[in-house]
Amino acid sequence: MAQARQKAGRKERLTLSLERGTVRFLKSCAKAKASSVSACVEQIIAVSRQTSEAARLNAQILAYYDSLSEQERREEAAWGEFAESELARAEP
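Numbering (this note's numbering), first residue to last: 25 to 116.
Each hint should be verified, as a subset may be incorrect.
Said to hold, decoys possible - Heads up, simulated DMTMM-like pairs for lysine to aspartate or glutamate below, C-alpha to C-alpha not over 20 Å straight-line:
#	residue 1	residue 2
1	Lys51	Glu66
2	Lys55	Glu66
3	Lys35	Glu66
4	Lys55	Glu43
Hints are computed from structural coordinates only; laboratory data are not their basis.
Make a model of the complete structure from these sequences and hints.
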């Protein structure tokens with residue numbers, strides 16, 4: 025178990041060639057946050073991953089609702105209205 029955590033936390037060196045403006049941006053990001061350029065890159069990648077995951081989930085949800093028949097949509101709407109009314113009654 026400790027080994028699995030150790031492997032997940034390992035860092036790997038990566039050499040990149042970036043435009044000067046990109047390098048300036050990363051350095052200013054690091055300076056503003058009293059961090060490192062690597063930490064800024066990690067944060068940018070994390071935000072990008074979250075955005076991609078949210079878009080993927082939204083597409084799946086949209087596909088699900090698009091696949092419902094008219095009858096299923098009415099049932100979903102009825103359940104939603106019921107849940108809202110129950111929640112409203114339960115709130116103080």
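Taking each numbered hint in turn, which are not upheld by the structure, reported in ascending numerical order?
none
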